[in-house]
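Asks: Protein chains in written order, with our numbering: chain A, 25 to 176; chain B, 662 to 748.
Chain B side only, calculated, beta carbon under 8 angstroms to chain A, not exhaustive:
no. : residue
1   : Lys-713
2   : Glu-717
3   : Lys-723
Worth flagging that the hints you see were computed from the coordinates, not collected in a lab.
Source: prediction; values computed, not measured.
Here a beta-carbon is modelled for each residue, glycine too, at the ideal position from N, C-alpha and C.
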Amino acid sequence: MKIQTGQFGPIEFEEAAILHFPEGLLGFEHMKRFLLIDQDEIEPLRWLQPIDEPAVSFTVIAPHIIWDDYQPKLTGEDKKALQLGAGNEPLVFALVTVPDDPSNMTANLLGPLVINPEQRIGRQIVMHDTGYTTRHRLIPDTARSASDVVTV
Amino acid sequence: MLVLSRKPNQSIMIGEDIEVVVLEVKGDTVKIGLKAPRDVKVYRQEIYLEIKAENERASATKEATTSAAKLLQQALKKNKPAEEPQP
Numbered sequence: 025m026k027i028q029t030g031q032f033g034p035i036e037f038e039e040a041a042i043l044h045f046p047e048g049l050l051g052f053e054h055m056k057r058f059l060l061i062d063q064d065e066i067e068p069l070r071w072l073q074p075i076d077e078p079a080v081s082f083t084v085i086a087p088h089i090i091w092d093d094y095q096p097k098l099t100g101e102d103k104k105a106l107q108l109g110a111g112n113e114p115l116v117f118a119l120v121t122v123p124d125d126p127s128n129m130t131a132n133l134l135g136p137l138v139i140n141p142e143q144r145i146g147r148q149i150v151m152h153d154t155g156y157t158t159r160h161r162l163i164p165d166t167a168r169s170a171s172d173v174v175t176v
Numbered sequence: 662m663l664v665l666s667r668k669p670n671q672s673i674m675i676g677e678d679i680e681v682v683v684l685e686v687k688g689d690t691v692k693i694g695l696k697a698p699r700d701v702k703v704y705r706q707e708i709y710l711e712i713k714a715e716n717e718r719a720s721a722t723k724e725a726t727t728s729a730a731k732l733l734q735q736a737l738k739k740n741k742p743a744e745e746p747q748p
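The whole structure should be built from the sequences, with the hints applied where relevant.
Replies: Next up, the structure:
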């Protein structure tokens, strides 16, 4: 299969590579199929490429890289929708927003993407009552000022 | 908008299988119970709107993501040593 993307030009992929989000993303309900694309130069970020709207690309990160105790709370309905059985470990990603100043990039930990890697089904879940927000800085302000001091 | 008055423990049916129950009214807070099929998604509106808005902001360009990744790689490398004060 082949799509013409806005960010990467034409991409060819096999059907088995598709991640299915039957409900789409919140606000993007028409985006039901995605590709997860790894690129050395953007590690530990990764691309999430919607097949149904190839002009757009998303950036994601596995949140545990930065927040090692982050664990989405899945409801029974989430597990059912993801066809997650006992012992099935889901993959978790947070969408990353990169503003004009990229050092202020944030991850959305309130609405993580949870994926069953075996069935290749995903869902954006909502973490009610957890204290997480849609904007957690990936580089804390303090780390940035500390590195500024080092360069001076 | 349809406007209905309800007292605590009274409810409203939406269609045949969604029930909204007023459980408690205390000051300016109304506690509501929802009975709905499990495949009906129930969100607090402000949280739903917040995630939706953030999803819309999240669309990224190759250039922005590449420079963000560089900064992040540096920050992750520096992170631990930077926390230690210099002797």
